[in-house]
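Student: Spelled out, the chains give:
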Amino acid sequence: MSAIPGPPLWLLLELTYRCPLHCVFCYNPTDFARTRQELETDDWLRVLREARALGAVQLGLSGGEPLARDDLEIIVAEGHRLGFYVNLITSGVGLSETRIAALKAAGLDHIQLSFQDSSRQMNDFLSSTRTFDLKSKVAALIKKYDYPMVLNVVLHRLNIDHVEEILNMADKLGAEYVELANTQYYGWAFQNRAQLMPSRAQVERAEAVTNRFRERGGRPMKIYFVVPDYFERRPKPCMNGLGSVFLTVTPDGTALPCHAARMLPGFEFPTVREKSVGQIWLESDAFTHWRGDAWMKEPCRSCPEKARDFGGCRCQAYLLTGDAANADPVCDLSPHHHLVTEAVALADGPDVSSVEKPLVFRSQANSEALFP
Amino acid sequence: MSSTPICDASRPAMDRRFRLQWEAAQNAHVLLYPEGMVKLNSSAGEILKRCDGQATIADITADLEQAFATTGLSKDVIAFIAMAVDKHWVTVQS
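Going down the list, the protein sequences come from chains G and P. All residue numbers for the first sequence refer to numbering that gives the first Met the number 0, where the first residue is 0 and numbers rise by one. All residue numbers for the second sequence refer to numbering that gives the first Met the number 0, where the first residue is 0 and numbers rise by one.
A hint or two may mislead.
Claimed, not checked - Quick list of the computed label-pair ranges, beta carbon to beta carbon:
#1 G:D331 x P:Q92: 46 to 54 Å
#2 G:G216 x P:V37: 23 to 31 Å
#3 P:K48 x G:A104: 23 to 31 Å
#4 G:D30 x P:R18: 35 to 43 Å
#5 G:S118 x P:A66: 50 to 58 Å
Said to hold, decoys possible - Below, computed lysine to aspartate or glutamate pairings styled on EDC-like, alpha-carbon distance capped at 20 Å:
#6 G:K221 x P:D85
#7 G:K221 x P:E34
#8 P:K86 x G:E175
#9 G:K305 x G:D292
#10 G:K143 x P:D14
#11 G:K235 x P:E34
#12 G:K103 x P:E34
#13 G:K103 x P:D14
#14 G:K221 x G:D145
#15 P:K86 x G:D292
In case anyone wonders, no lab produced these hints; they're calculated from the structure. Just so you know, even glycine gets a beta-carbon here, dropped at the ideal spot from N, CA and C.
If we strip away everything but chain G, and leave its shape as in the complex, we get (with noise of 0.2 Å):
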């Protein structure tokens, strides 16, 4: 558009897709296992720097699980250096004393951790892992390491139930955020949506019981609750609108607008391979096409509400709609919004139990049969 944009304050990094855990809720596409070759070390620091000097400063190294990468410590003392915040998104697993140590010597400013329940039975079973007392293990490790602790439990059918529970083990272990974030539908979860979406009730029931939580005193722990999307009426402002501040880069180069955005149709996706990230974000067609509302349909197009919440979800119009360009069908304007409402009756149904379609484990043998 006309405008010069900012800068893409937001820079995550998806070093790999390799990781120990198999979680049935995964953003991560289902065709991971195509992934050519990963970026080399090099690529990554040239990738920091570039970034940096647009102005990016909130770092996120994240995967598949980024400690499986054995440079993690070379690029967080990178990122530390230019200025970048840096964040390690991590499921723990593989993050020994060791590591740990010579990660807060690099700079790392920050370890979010995830649970995948409050349970033993229930981590170990959504993550296809045993790794429930190896995650406290490491809990107890980042406060050793003066780290403050995010704790992200990502929320469905299966352990939304559980979130009292969840909160008094996040107080236990000394969290300073809990971050509760429901499935967002998108990859493996996309996958697996018939037996992750909650029923409306139990997601009343889970704020109600975060809302006393929050309100029970005590020592301070700040909690997000993330509404699930399909149960709103009108959509998130996805990213503040794609190509506003986010830019990720996946395990082989390819830069995005969004975690998800592959998937959307008809654009190129840049590689940081051939391109500079300014490039990236200044010239290629996958960032520039989505600012403004040039490229909005009606009825995001004539909506007074178009400048807050951006149309929604570009991923999430595609994958229900098949086309980015609608609007997100979370939205009650759109033509689309039966498409949200009937998945949400069929988690309210009392018959959803007879959904015999078993669960996919994000694995790579489940990402070659399911793109052989």
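We have chain G already, so just place chain P on it with the hints.
Tutor: What follows is chain P alone, placed relative to chain G:
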């Protein structure tokens, strides 16, 4: 939120959970914290960068009044620090 009274003798310091930083690209000081950022206006930035745990609010006020050739900032500085304590950006010691 905070029960610590804030007065001229208080010594504010940045809370360890927040990092204050000048960002040329935004032409502003920002506060960085886990997965988030607050862009500060210029007076907030000027006050916070003086919160080193050594200087008292009286020292900070005098320094600001000198730097910006003005007087009578004391009430504003105290009100801002009280707000910053509420938000856990800074802690104070008397």
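Student: Please name the hints from earlier in the document that this structure breaks, with their numbers sorted from lowest to highest.
Tutor: Number 15 - this is the single hint that the structure violates.
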